[in-house]
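S.K.: Residue numbers (the working numbering), protein chains in the order written: chain A, 1 to 170; chain B, 1 to 108.
Since the hints were derived computationally from the structure, they do not count as laboratory data. Even for Gly, the Cβ is constructed at its ideal location relative to N, Cα and C. There's no promise every hint is true.
[Claimed, not checked] Facing chain B, according to a computed beta carbon distance under 7 Å, are these residues of chain A, among others:
1) Gly16
2) Ser48
3) Gly113
[What the hints assert, rightly or not] The list that follows gives simulated cross-link-like pairs (lysine-lysine, BS3-like), each with its CA atoms no further than 30 Å apart:
4) A:Lys86 <-> A:Lys127
5) B:Lys90 <-> B:Lys67
6) B:Lys75 <-> B:Lys87
7) A:Lys127 <-> B:Lys90
8) B:Lys87 <-> A:Lys127
9) A:Lys2 <-> A:Lys127
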Amino acid sequence: MKRCLNEMKLSFPARGENEAFARACVSAFIAQLDPYVSELAELKTAVSEAVTNSIVHGYRGRPGGVISMQVRLYSDRRVYIRIRDKGCGIADITQAMQPLFTTAPEEERAGLGFSVMESFTDSLRVKSSRGHGTSLVMEKTLRERSGDESVKDGISNKSGRKSGTGSPVR
Amino acid sequence: MPVTTSLDGAVLTARLSGDIDHFTAADMRSEIDRAVTMNPVSELVLDFSAVNFMDSSGIGLVMGRSKLMSELGGKCSVCDPPAYIVKVMKLSGIDKLCPILGEGGVRL
Ligand SMILES: Nc1ncnc2c1ncn2[C@@H]1O[C@H](COP(=O)(O)OP(=O)(O)O)[C@@H](O)[C@H]1O
Ligand SMILES: [Mg+2]
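Using the sequences plus the hints, can you model the full thing?
M.R.: Structure, rendered in structure tokens:
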């Protein structure tokens, strides 16, 4: 197990506005590992899916619920993200994770949230208990930044970064 | 404005901008549907060139509009999405229902 370089924890109410907030937070924190723009986009998308599920399904749109998020950065460039809610839980996880399965078709849910999380991360683990909530862990190891000595030890070096190599903007 | 629409004959272009997630998709959806149903539209072009983020809520948005257009006997396409959004869309197979067009109308 590699060394944990940094960690953050956050909790926020299950409001739609916080989908963008959660993405922005994760993005800003992960910037410390100097990810490629594509990796950042993939992780932001996976986080957005997880947080949206807690809001839409876990708490059924009730803004009183709380979502907690924990992010850890490891020395081997692994990013660990855990997102939890104390909502209704998932009755059948295997079924829920099937592509196109959704319990909310009337809201134009595509049933692809889990598929997106799975394809944009290296691993996805889901634990859920009916009536108690859902906890989800996603991990992704970022690619080594080649040709840029400053990132080899995992320390982002903004001044030393070459332009056009994909700085974590937005 | 997250959506601006313009009509050219029976072709309605809806230019989406910013982030598409579950929270922002609702307004985009009603804005596009309003323009589609208020005008005699046979073709809907969803211009994605100014979209900088999209999760599966965007897939739902495209699927829904594509369904609406086929109910009206018309067609629907997505144009100029950033590369990463093409990846999200292709994951869903939505490109089989609704063509994704790049620069010069080339199918992506
Ligand atoms: N946090 C959660 N709490 C309760 N149910 C959930 C949660 N996340 C996912 N689900 C269930 O899993 C299904 C599939 O989720 P997903 O693949 O993201 O598709 P969608 O959100 O489009 O329905 C949802 O429709 C819902 O029934
Ligand atoms: Mg979902």
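S.K.: Each hint needs a verdict: does it hold in this structure or not?
M.R.: How the hints compare with the structure:
1. Gly16: This hint holds: Gly16 (chain A) lies near chain B, its Cβ roughly 3 Å from the closest one there, short of 7 Å.
2. Ser48: holds (4 Å)
3. Gly113: Since chain B brings a Cβ to about 5 Å from Gly113 (chain A), closer than 7 Å, the hint holds.
4. A:Lys86 <-> A:Lys127: Distance of about 12 Å is within 30 Å: holds.
5. B:Lys90 <-> B:Lys67: Holds. Lys90 (chain B) to Lys67 (chain B) sits at ~17 Å (cutoff 30 Å).
6. B:Lys75 <-> B:Lys87: holds (22 Å)
7. A:Lys127 <-> B:Lys90: holds (28 Å)
8. B:Lys87 <-> A:Lys127: holds (28 Å)
9. A:Lys2 <-> A:Lys127: With a Cα-Cα distance of about 24 Å, the restraint between Lys2 (chain A) and Lys127 (chain A) holds, given a limit of 30 Å.
Figure legend: structure checked against the earlier numbered hints; every hint is met.
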